[in-house]
Structure formats: C-alpha cells, structure tokens
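Participant: Counted from 1, the sequence shown has number 364 at position 352 by my numbering; the numbering is strictly sequential.
Hints were generated in silico from the structure; no laboratory data involved.
Values in this document were obtained by computation on a predicted structure and should not be read as measured data.
Possibly wrong hints are sitting among the right ones.
Stated by the list, open to error - Once the Cα atoms are required to be at most 30 Å apart in a straight line, the calculated DSBU-like pairs of lysine-lysine come out as:
#1 K251 <-> K240
#2 K66 <-> K17
#3 K201 <-> K340
#4 K340 <-> K56
#5 K88 <-> K20
#6 K46 <-> K88
#7 K46 <-> K56
#8 K20 <-> K201
#9 K17 <-> K338
#10 K240 <-> K201
#11 K338 <-> K240
#12 K396 <-> K340
#13 K251 <-> K88
#14 K20 <-> K66
#15 K66 <-> K245
#16 K338 <-> K201
#17 K88 <-> K17
#18 K251 <-> K395
#19 K201 <-> K66
#20 K240 <-> K88
#21 K88 <-> K201
#22 K56 <-> K88
#23 K340 <-> K240
#24 K56 <-> K66
#25 K20 <-> K251
#26 K17 <-> K251
#27 K240 <-> K395
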Amino acid sequence: MQIIKYAKIFFVLIASYVILMWVAFSLPSGMIDKHSSDAFEIFKREGVYYAVNKDYPEATQVDNFTDMLVMIPLMKREGSAIGKAMDMNGYSRYWHGYTTFLRPLLTVFNYQQIRIIYNIVVLSLICTCFYFIAQRIGFLFALSFSLSLAMIHVEVFGMSMQYSNIFIITMLSSIILLRNDLQSEQNLKNSSIYFFVIGSITNFIDLLTYPVFSLGMPLCLLILIINKNSEIKINLLYKVISCSLAWAIGYALTWISKWLIASLILNRNVFSEALNQATFRVEGNTEYPLNRYEMIYNNFHTMFMYDWFIYIICIIILISGILLIKEKLLLWLSLICLSIMPYVWYMALANHSQIHFFFTFRSQAVTLFSLMSLCILSYMQWKKR
Numbered sequence: 013m014q015i016i017k018y019a020k021i022f023f024v025l026i027a028s029y030v031i032l033m034w035v036a037f038s039l040p041s042g043m044i045d046k047h048s049s050d051a052f053e054i055f056k057r058e059g060v061y062y063a064v065n066k067d068y069p070e071a072t073q074v075d076n077f078t079d080m081l082v083m084i085p086l087m088k089r090e091g092s093a094i095g096k097a098m099d100m101n102g103y104s105r106y107w108h109g110y111t112t113f114l115r116p117l118l119t120v121f122n123y124q125q126i127r128i129i130y131n132i133v134v135l136s137l138i139c140t141c142f143y144f145i146a147q148r149i150g151f152l153f154a155l156s157f158s159l160s161l162a163m164i165h166v167e168v169f170g171m172s173m174q175y176s177n178i179f180i181i182t183m184l185s186s187i188i189l190l191r192n193d194l195q196s197e198q199n200l201k202n203s204s205i206y207f208f209v210i211g212s213i214t215n216f217i218d219l220l221t222y223p224v225f226s227l228g229m230p231l232c233l234l235i236l237i238i239n240k241n242s243e244i245k246i247n248l249l250y251k252v253i254s255c256s257l258a259w260a261i262g263y264a265l266t267w268i269s270k271w272l273i274a275s276l277i278l279n280r281n282v283f284s285e286a287l288n289q290a291t292f293r294v295e296g297n298t299e300y301p302l303n304r305y306e307m308i309y310n311n312f313h314t315m316f317m318y319d320w321f322i323y324i325i326c327i328i329i330l331i332s333g334i335l336l337i338k339e340k341l342l343l344w345l346s347l348i349c350l351s352i353m354p355y356v357w358y359m360a361l362a363n364h365s366q367i368h369f370f371f372t373f374r375s376q377a378v379t380l381f382s383l384m385s386l387c388i389l390s391y392m393q394w395k396k397r
C-alpha cells in the first residue's frame with residue numbers, strides 16, 4: 013500500500029535528520045567558535061541588510077541578520093549534542109538542517125571562504141540545470157528557466173546562506189528529475205513520493221525563506237517533460253495536484269515531527285511555541301498589522317518592478333488560453349495553477365510574506381517560468397496551424 017510506503021520513507025527521513033543533527037553537534041567546537049566569532053566582523057562592516065545593487069535595494073538585499081546573527085551563532089555548542097540540536101537557542105520550532113553541512117564547513121573555513129564555496133555551488137548547479145533542461149525539454153525552456161533565475165537575482169545568493177540553501181535543494185531536485193527515466197508508468201507514480209521527500213528535506217534545511225520554489229520549479233519541469241513525451245498518457249492537472257499535496261504533507265509532517273521530538277527531548281512544550289509563531293506568521297499582531305494588498309504588491313513589485321507587468325501576464329494567459337485550450341486544456345490549466353502557487357503561499361503565510369518580502373518575492377520565479385513556458389508552448393501550437 014502507498015500509505016505504508018510513505019510511512020516507511022518518512023520514518024527513515026526523520027531518523028536520518030535526528031542522527032545527522034546529533035553527529036553535526038558532536039564535532040569539536042574549537043575552530044567553529046573561532047570562525048563564528050570572525051564572521052561578526054563582516055557583519056559590522058556590511059550591516060544587517062546589505063544591498064549588493066543600490067539601484068535595486070530590496071531585490072538584492074543580503075540577509076546578514078539571519079546568516080550572522082541567527083545561523084552562525086547557533087553553531088556554537090553548549091551542553092549535550094542532542095540537546096543543542098533540538099533547542100537551538102530557542103529556535104526549536106525549526107530543524108536547522110543546514111547545520112549538518114555548516115558546522116563541518118566552519119571547522120575548516122571562515123565565513124568569507126564559505127561564501128566563495130556557495131558561489132561555486134550555485135553557479136555550477138545553474139549551468140548543470142540549464143544543460144539538462146536544454147537536452148531534455150528544449151533550449152527555449154532552458155532560456156526561460158535562466159531568465160526566471162535572473163529575475164530573482166541569483167547573483168547575490170553566494171553571499172547569503174539563507175537564500176542559497178533552498179535554491180540548492182531546488183536545483184538538485186530538478187537535476188535528479190531531469191536525469192530520471194519518466195517514460196515508465198511506475199516512475200511517474202513514484203513522482204508523488206519524490207515530491208513528498210523534497211517537501212520534507214525543504215522543511216529540514218530551510219528557515220522559511222521561499223520554500224514553495226522547491227515545489228514549483230521541479231513540478232513545472234515534470235509537466236513539461238510529460239508534455240514533450242507524447243507516449244506518456246497521464247492527467248497533467250491531477251499530477252500537479254497530487255505532487256503538490258505530497259510536497260505539502262511531507263513539509264508539514266516534518267515540521268510537526270520536530271515539535272514533537274524537541275518537546276520530548278527538551279521536556280518543554282515546543283508545540284505551544286510553534287503554534288504561537290504560526291499564528292503570528294499568518295495573522296500578524298498589533299506591532300506588525302497585516303495588510304494583504306500591500307503584501308502582494310510589495311512581493312510583485314520587487315520581482316517584476318513595474319505595475320504594468322500585470323497586463324502582460326493577463327495577455328499571456330488570454331492568448332495561451334486561445335491557442336491551447338482546445339487541444340491541450342489540462343496542460344494550460346496545470347501551468348496556470350503553477351503560476352498562482354506563490355500567491356496561494358503568500359495568502360496562507362501573509363504576515364511572514366509581508367515582513368520578509370525582500371526574499372519571499374523569489375517564489376514568483378515559479379510564476380515567471382510557468383508563464384514563459386506557456387508562451388513557448390503557445391508559439392509551438394501556433395506554428396502547427
């Protein structure tokens with residue numbers, strides 16, 4: 013049964029997370045403490061939110077606050093390894109899975125060197141993903157993918173672990189998907205399990221930046237791969253819904269499991285802490301009152317820069333609908349669903365998306381890639397006429 017299969021995979025994932033966190037905090041802390049302290053000098057020089065490009069301050073803002081005042085200080089160990097791994101100085105509602113590679117890196121490299129490593133990894137993954145998209149789906153789709161990444165300013169990612177971690181997860185997930193044989197019916201059935209795992213890993217590593225990016229980009233690629241292979245007969249809209257639900261369940265269950273495990277180990281009600289924060293992230297409070305219109309506008313404007321871009325989006329939807337609905341209705345609906353996915357996330361976590369719009373706007377890479385894919389598919393359909 014599928015449920016038993018999911019349960020086994022989930023158990024293995026959670027057990028692996030706990031073991032990896034314990035191992036990471038079992039490493040000697042000598043050089044880690046030194047390199048963590050050295051990173052603060054960079055923070056004093058650059059400031060809390062350093063804008064790489066002054067012409068686009070919000071879009072190119074580096075989140076030094078999270079990198080240097082949250083993530084790196086949490087690498088210092090006090091007390092038992094498992095206790096520290098679960099508590100994380102009061103941030104026990106998150107897994108902080110980035111610790112599993114950040115602590116080993118800090119034993120050898122300082123923060124400046126780690127930035128260089130991140131730059132190399134990010135650029136290498138972009139090039140690799142471009143190559144496989146061009147090979148598997150088509151050169152125009154690879155260009156669209158690259159343009160989507162350019163619009164979220166990947167040039168600043170190497171300077172921010174906070175931004176890079178979810179990006180690296182997404183690129184690796186996309187590459188694995190592109191390299192997989194999706195022509196067999198069994199592999200297509202397993203795609204939901206694959207997105208369940210992606211959702212779980214996203215929650216384990218990411219600190220609630222723009223997580224829906226790790227769902228939308230690989231899922232858009234999956235839909236394009238299926239569409240390109242005429243031999244595959246499958247309901248595309250059903251595939252979008254099933255994979256999205258699998259991702260969401262993997263993400264949510266992994267998060268809840270952290271609250272449960274941390275509560276048991278720390279003998280503290282982490283559930284209450286997490287739910288209080290969840291309420292704030294959704295509804296806001298008197299200090300941070302929620303304005304959904306302003307939240308959507310700030311995210312949209314940071315990504316697309318000009319208000320009139322909304323008209324271009326409407327034109328793309330209209331023209332692609334005229335050209336595709338008759339013969340490829342499910343494909344059109346699938347990509348439209350993917351394009352609105354970031355806004356569903358914004359409405360769900362409205363306060364978080366309002367306060368942190370300078371990085372949550374990056375979820376809209378899914379919107380842009382989906383819409384540009386619709387443009388390419390519409391052009392191909394028009395040429396056939």
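Participant: Indicate, hint by hint, whether the structure satisfies it.
Facilitator: Tested hints:
1. K251 <-> K240: Holds, at roughly 15 Å.
2. K66 <-> K17: The hint is violated at about 50 Å.
3. K201 <-> K340: holds (22 Å)
4. K340 <-> K56: The hint is violated at about 55 Å.
5. K88 <-> K20: Violated. K88 to K20 sits at ~33 Å, over the 30 Å cutoff.
6. K46 <-> K88: It holds: about 10 Å lies between the C-alpha atoms, which stays within 30 Å.
7. K46 <-> K56: holds (16 Å)
8. K20 <-> K201: holds (17 Å)
9. K17 <-> K338: violated (38 Å)
10. K240 <-> K201: holds (18 Å)
11. K338 <-> K240: holds (18 Å)
12. K396 <-> K340: Roughly 13 Å between the alpha carbons, so the hint for K396 and K340 holds.
13. K251 <-> K88: Distance of about 43 Å is beyond 30 Å: violated.
14. K20 <-> K66: Violated, at about 49 Å.
15. K66 <-> K245: violated (49 Å)
16. K338 <-> K201: Roughly 27 Å between the alpha carbons, so the hint for K338 and K201 holds.
17. K88 <-> K17: The given pair, whose Cα atoms are some 37 Å apart, is violated under the 30 Å limit.
18. K251 <-> K395: holds (27 Å)
19. K201 <-> K66: Outside the cut-off at roughly 47 Å; violated.
20. K240 <-> K88: With Cα atoms ~50 Å apart, K240 and K88 exceed 30 Å; violated.
21. K88 <-> K201: Roughly 43 Å separates the two Cα atoms, so the pair is violated.
22. K56 <-> K88: Between K56 and K88 the Cα gap is close to 19 Å, so the pair holds against 30 Å.
23. K340 <-> K240: holds (12 Å)
24. K56 <-> K66: Between K56 and K66 the Cα gap is close to 19 Å, so the pair holds against 30 Å.
25. K20 <-> K251: holds (22 Å)
26. K17 <-> K251: holds (19 Å)
27. K240 <-> K395: holds (16 Å)
Checked against the numbered hints given earlier, the structure breaks hints 2, 4, 5, 9, 13, 14, 15, 17, 19, 20, 21 and satisfies all the rest.
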